[in-house]
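Taking the hints into account, I'd like the entire structure generated from these sequences.
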Amino acid sequence: MLQSYALQEIAKLYGIEQACQKEPLNEEQIKDRRNNESLPILKALGDWMKKEYQQLRPKSLITQTLLIV
Numbered sequence: 043m044l045q046s047y048a049l050q051e052i053a054k055l056y057g058i059e060q061a062c063q064k065e066p067l068n069e070e071q072i073k074d075r076r077n078n079e080s081l082p083i084l085k086a087l088g089d090w091m092k093k094e095y096q097q098l099r100p101k102s103l104i105t106q107t108l109l110i111v
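The sequence shown begins at 43 in this note's numbering and counts up by one.
Some hints here could point you the wrong way.
[Said to hold, decoys possible] With a straight-line Cα cutoff of 25 Å, these simulated BS3-like cross-link-like pairs (lysine-lysine) come out:
(1) 64 / 54
(2) 73 / 54
(3) 54 / 92
(4) 73 / 85
(5) 85 / 54
[What the hints assert, rightly or not] Beta-carbon label-pair distances, calculated as ranges:
(6) 110 / 58: 23 to 33 Å
(7) 62 / 101: 40 to 50 Å
(8) 68 / 96: 39 to 49 Å
(9) 91 / 62: 20 to 30 Å
(10) 63 / 103: 18 to 28 Å
(11) 97 / 65: 32 to 42 Å
(12) 51 / 109: 18 to 28 Å
(13) 69 / 91: 28 to 38 Å
(14) 53 / 94: 12 to 22 Å
(15) 99 / 68: 42 to 52 Å
(16) 72 / 51: 16 to 26 Å
(17) 96 / 46: 44 to 54 Å
(18) 106 / 68: 42 to 52 Å
To be clear, the hints were calculated from the coordinates, so they are not data collected in a lab.
The beta-carbon is built from N, C-alpha and C at its ideal position, and this holds for glycine as well.
What follows is the structure, encoded as structure tokens:
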């Protein structure tokens with residue numbers, strides 16, 4: 043399911059942010075963690091969105107919505 047993958051990946055990002063808040067990390071450590079853990083997820087999610095977008099029907103509501111954004 044399309045939204046299932048996206049929601050799972052977004053949940054991972056929230057998990058990383060929660061872990062950063064719970065642990066005593068300074069700004070540089072948080073930046074490093076985001077670069078090492080969050081950035082690969084964001085890149086993969088972006089690639090996935092581009093691939094999925096190409097498979098959408100041009101007249102579908104979601105396609106029209108994405109064109110606005």
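How the hints compare with the structure:
1. For the proposed pair residue 64 and residue 54, the alpha carbon gap of about 15 Å is at most 25 Å, so the pair holds.
2. Simply put, residue 73 and residue 54 have alpha-carbon atoms about 16 Å apart, close enough for the 25 Å limit, and the pair holds.
3. Pair hint residue 54 plus residue 92 holds up; C-alpha atoms about 20 Å apart against a cutoff of 25 Å.
4. At most 25 Å may separate the alpha-carbon atoms for a hinted pair to count; residue 73 and residue 85 meet this at roughly 16 Å.
5. Between the alpha carbons of residue 85 and residue 54 the distance comes to roughly 13 Å, so the proposed pair stays at or under 25 Å and holds.
6. Range check, residue 110 to residue 58: Cβ separation about 29 Å, and the 23 to 33 Å hint holds.
7. At about 42 Å, the CB distance of residue 62 to residue 101 agrees with the hint of 40 to 50 Å.
8. Between residue 68 and residue 96 the CB atoms are about 41 Å apart, so this pair conforms to the stated range of 39 to 49 Å.
9. The beta-carbon spacing between residue 91 and residue 62, approximately 24 Å, falls within the hinted interval of 20 to 30 Å.
10. A beta carbon spacing of about 36 Å between residue 63 and residue 103 contradicts the range 18 to 28 Å that was offered as a hint.
11. One distance hint, 32 to 42 Å for the beta-carbon pair residue 97 and residue 65, holds here, with the actual separation near 39 Å.
12. The supplied range of 18 to 28 Å is met by residue 51 and residue 109, whose beta-carbon atoms lie about 22 Å from each other.
13. For the pair residue 69 and residue 91, the beta carbons lie near 29 Å from each other, so the given range of 28 to 38 Å is met.
14. Between residue 53 and residue 94 the Cβ separation comes to about 18 Å, which falls inside the hinted range of 12 to 22 Å.
15. Between residue 99 and residue 68 the Cβ separation comes to about 48 Å, which falls inside the hinted range of 42 to 52 Å.
16. Judged by the Cβ atoms, the range 16 to 26 Å given for residue 72 and residue 51 holds: they are separated by roughly 20 Å.
17. Separation of residue 96 from residue 46 is about 19 Å and departs from the stated range, judged on CB atoms against 44 to 54 Å.
18. About 44 Å separates the C-beta atoms of residue 106 and residue 68, a value consistent with the hinted range of 42 to 52 Å.
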